[in-house]
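Residue numbers (the working numbering), protein chains in the order written: chain R, 111 to 412; chain S, 916 to 1183; chain C, 83 to 513.
Since the hints were derived computationally from the structure, they do not count as laboratory data. Owing to the predicted nature of the structure, the values given are computational and were not obtained by experimental measurement. Each hint should be verified, as a subset may be incorrect.
List time: in silico DMTMM-like cross-link candidates among lysine to aspartate or glutamate, alpha-carbon distance up to 25 Å [claimed, not checked]: (1) Lys399/R <-> Asp269/C; (2) Lys384/R <-> Asp369/C; (3) Lys384/R <-> Glu418/C; (4) Lys384/R <-> Glu449/C; (5) Lys1101/S <-> Glu1077/S; (6) Lys1080/S <-> Glu418/C; (7) Lys399/R <-> Asp330/C; (8) Lys1080/S <-> Asp294/R.
DEER-style ranges, computed between Cβ atoms [what the hints assert, rightly or not]: (9) Val277/R <-> Gly940/S: 27 to 37 Å; (10) Pro1166/S <-> Thr282/R: 55 to 65 Å; (11) Gly302/R <-> Asn1113/S: 30 to 40 Å; (12) Phe338/C <-> Lys1050/S: 25 to 35 Å; (13) Arg1047/S <-> Arg168/C: 17 to 27 Å; (14) Val277/R <-> Phe938/S: 25 to 35 Å; (15) Ser176/C <-> Lys200/R: 39 to 49 Å.
Partial pick of chain C residues on the chain R-facing surface, computed with a CB cut under 10 Å [unchecked claim]: (16) Leu215; (17) Leu233; (18) Ala342; (19) Ile420.
Backbone N, C-alpha and C fix where the C-beta goes; we use that ideal spot for every residue, glycine too.
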Amino acid sequence: MDFFLSLFMSGLTKGSIYALIALGYTMVYGIIALINFAHGEIYMIGAFTALIFSMLLGGPAVGMSGWTLLLTVAALSALYAAMYGWTMEKIAYQPLRGASRLAPLISAIGMSIFLQNYVQLVQTPNFLVFPDLIPQIDLPAAVAKAINRTHLVILIVTAVAMVALTVFIKFTRMGMAMRAVAQDPIMARLSGVKLDRVISVTFVIGSVLAALGGLLIGCSMRQIDFYIGFLAGMKAFTAAVLGGIGSIPGAVIGALILGFAESFAAGYISSSYKDMVAFIILIIILTLKPGGIFGTSQTQKV
Amino acid sequence: MTEAASCRPPDSVLKTCGLSMVFGGLVALDRVDLTVERHSITALIGPNGAGKTTLFNCLTGIYPPTRGSITFESGDGRKISLKGLAPDRVTLLGLARTFQNIRLFSNLTVLENVLIGCHGRMRAGLLGALFRDKKTRAEEKAFIDFSYDLLVRYGLKASVNELAKNLAYGAQRRLEIVRALATGPKLLLLDEPAAGLNINETNELRELIETIRTSENLSILLIEHDMNLVMNVSHVIYVMDYGKLIAVGPPNEIRRNPAVIKAYLGEE
Amino acid sequence: MATFWICFLAFPLVVFKINANTRSLDTRWDRLYILAGSVFVLTFIWRFLLKRRSFDRLTKVVNEPHGSAPKPTWLTRLAKSRQRGRLLAVVLLSMCVLPFLSNPYMVNIVTSALIYVTLGLGLNVVVGVSGLLNLGYVAFYAIGAYTYALLGYYFGLSFWVCLPLGAIFSTLLGLLLGLPIIRLSGDYLAIVTLSFGEITRLVLTNLDFTRGPRGISNIKPPSFFGLNLNGTPKQFLIETVGFHPDMDLNRVFIYFIILAVVVLTIICVYRLENSRLGRAWLALREDEIACQAMGINRTRAKLTAFALGSTWAGLAGVVFASQITFINPASFSFMESIMILSIVVLGGMDSIPGVIIGAAVLILLPEQLRFFSDYRMLIFGALMVVMMVFRPGGLIKSVREVYIHQASDSKPEPRPVVTALSTMEQGAEDD
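Looking at chain R on its own, in the form it has when it is part of the complex:
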């Protein structure tokens, strides 16, 4: 039972982090129908900036510690990731608006290669140790047995982020503009929505979420390298498609399914097959339900 519980928890946390990244994919896709391949790199950059700031601020020069350090680092890395996301969109995607569907995709792939190599060059191609930023929390013994503090923080952050995002999209003017653009960009524009701004905001939000994911994965895995973005990005994208790309609850559910599947497959079958299980589930679900779990099955318009 303990074994099951620990697998369940690790699946849940893994799923939460996938969800944070998957949201960025699904939002961007929902709005401009682009698979943003470089999104995983933003997550990687989030992790790297978090590491650098934590060393800078946590070092003897500034001397922050505990929650202050964690929150400052989170804020700074999110800010940086947001700026990277914004800049990336301006350089690689905005000039391509209205081009064929594949051109932005290739541009995104180029961006991804560029960012990976950029971090590898200015930092290091090797693994780096990530400090444990999450301070001690005194948990009741019963809770502590089921969940450790890192997992707890990951779950709380993810849950808060989801709720905040949902509120933002449902109840703010910008959120409404986003939904309008997702429905019909041309009509939205005609009704006075500033398309470029909506797209920028989408990228910024997606990047912030990804950076949080990067910070949290650093805290839980305790090591990072320049290549983490690629695999995580691919998994998160899979999760987004699994749930029905463009749908926000879909991305979360898809990510959780993927997290559980991986974790249980690693525990009960073999860790070398865990990636395979995720992909096989994806193929099965899409063959049965071609629009993803939450996807709308489109009727052809004639």
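Since chain R is already given, all that's left is putting chains S and C on it; use the hints.
Below, chains S and C without anything else, positioned relative to chain R:
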């Protein structure tokens, strides 16, 4: 209109009986009985959202109808049920269509568009394509000539090698009709062919439709909003409203039918 | 402005280098100055190019208000010029004499480039012609390579037996995979093919008989009628035409095999594209609904495109295995699929010369960039972005076959039934 009157037998090319289409809770087609006589031009009119295009989509296999039957007389005189057939099968049996919002293969040339229309009548397979044997070459040549002739006949000679998307709007509509003709249909469905055309062009279209009927030896079923065109060209007119047929008859009768006037102008 | 922004952006990552040994940060302000300088110059170039691009578009709108065909660039014009045949002959001839004039290194690289040309042309059938986005193309490539490696390893089958077998296996696999997923469309198809590629790689890594991540080494080169090419024939060549003495003649032989495969592929793809089947694919890409309305069986068209595209990946895989003599699953990662896709898109979708140029650029460019050693992949990524921003259509746009009617050869021109077209077109231009 009564059931008995609708299912009359004579020389019909297409007949639907009790055709219904339900989307979720919305009844888009409600027991439609429609007959297209051989060599006739039949028009289908009605306000927007009456279900005309849905009827076309059911006939051509894009939507599977919920209930009812569709009987089609193919080239060799057999009566075939079209219900549940895939769109490509329907086309191969001899029922071709155009679309309300033009659907050309826009990055291909005009000639290629028409050649694709010949797909079902060509036989070359994979090996033929790779080895280009004598038979394949002969077939290819025959159909290129056929397509070229077709384009010349319907006034698109000048733009044979143009990309379809570079044609003027009226020419695109025309090309779509020619492309449908290339499939060798017995019945041609035209979905609002005059939409977006000016008066001159509409007059030319009328000429075109009449020419096609006589020289290609086929029947035409036409959805149209342009009453002038409909009244001048068609032999029988069906009127739809809210998924139901509300009137049928020759043009001068429809013109005076109170139900039709009500549907178009609203209750007085 | 932009310079400051970028510097600000890059500041933490560039200036502070994490020192893994002492667990501290090294500060490197000098890096920032270099970066600032280069970014400053680059922004100017970027601005200039963007401005020129929008100016081009504006003039186009002014000069050609009816959106007629855009002016072909010199590359496109070259690709469709009348001298196409002569050009091809010259290229082919120079490809044939290349191994006799250059060094082993060059031959190796060009062989890889030719393998990618084959892969690119195969994928072009799927993505460029039929419009099905396949992100797992590398799986079929792997099947080809492993067919030869495994059959050679366990049963000692020769290259010449495995070449067709590899093609057949990957075609069958394409069919098998295609059947369940072919009703998916667009990006869903893309992600499923992606997962399929990954699954293939993971299976190869985890199975015992494929020897897992260690891979298979000592794959035999193809035999040339059982002759030892590096014996007397090589001696003869060195004496007569001044052949490079370090050259492995087996490699040269592989070079010629892949050259032949490429030529064959070009002929096949060209013929397919201008056949009934190829037009069905094009129709599928352009408009699925209209395609069905033309009597084309959508499922069958998709499946044939998918399976036939895979055939070439299988062929290329067998040649690849024999060239590299050592394969393991790592050679067939997702990045490889992306490379091949980039070749197709960068070169120009649905354009055979485009794909060839694309492969040449993408494979040879990183080699040429070796001068920049560490920076080459960085530059490569950036170039991909720049290419897409300034030439989204690829290097060479596809050119449709032009049909010239020979009026003299059969019957007289048919008389147009409808003559009033002139007024029709004028009418259309007025609105």
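Right, here's what the structure says about each hint:
1. Lys399/R <-> Asp269/C: Roughly 14 Å between the alpha carbons, so the hint for Lys399/R and Asp269/C holds.
2. Lys384/R <-> Asp369/C: Not satisfied, since the Cα-Cα distance of roughly 39 Å exceeds 25 Å.
3. Lys384/R <-> Glu418/C: 22 Å, holds
4. Lys384/R <-> Glu449/C: It is violated: about 36 Å lies between the C-alpha atoms, which goes past 25 Å.
5. Lys1101/S <-> Glu1077/S: Violated, at about 29 Å.
6. Lys1080/S <-> Glu418/C: Given that 25 Å is the threshold and the Cα spacing comes to 35 Å, the pair is violated.
7. Lys399/R <-> Asp330/C: Outside the cut-off at roughly 54 Å; violated.
8. Lys1080/S <-> Asp294/R: With Cα atoms ~23 Å apart, Lys1080/S and Asp294/R stay inside 25 Å; holds.
9. Val277/R <-> Gly940/S: 27 to 37 Å: At 32 Å between Cβs, range holds.
10. Pro1166/S <-> Thr282/R: 55 to 65 Å: Once the Cβ atoms are compared, 57 Å apart, the range 55 to 65 Å for Thr282/R and Pro1166/S holds.
11. Gly302/R <-> Asn1113/S: 30 to 40 Å: 33 Å, holds
12. Phe338/C <-> Lys1050/S: 25 to 35 Å: 33 Å, holds
13. Arg1047/S <-> Arg168/C: 17 to 27 Å: 22 Å Cβ-Cβ, so the 17 to 27 Å window holds.
14. Val277/R <-> Phe938/S: 25 to 35 Å: At 34 Å between Cβs, range holds.
15. Ser176/C <-> Lys200/R: 39 to 49 Å: 43 Å, holds
16. Leu215: This interface hint holds because 7 Å falls under the 10 Å limit.
17. Leu233: Violated, about 25 Å.
18. Ala342: 30 Å, violated
19. Ile420: 5 Å, holds
Hint check: violations occur at hints 2, 4, 5, 6, 7, 17, 18; the rest are consistent with the structure.
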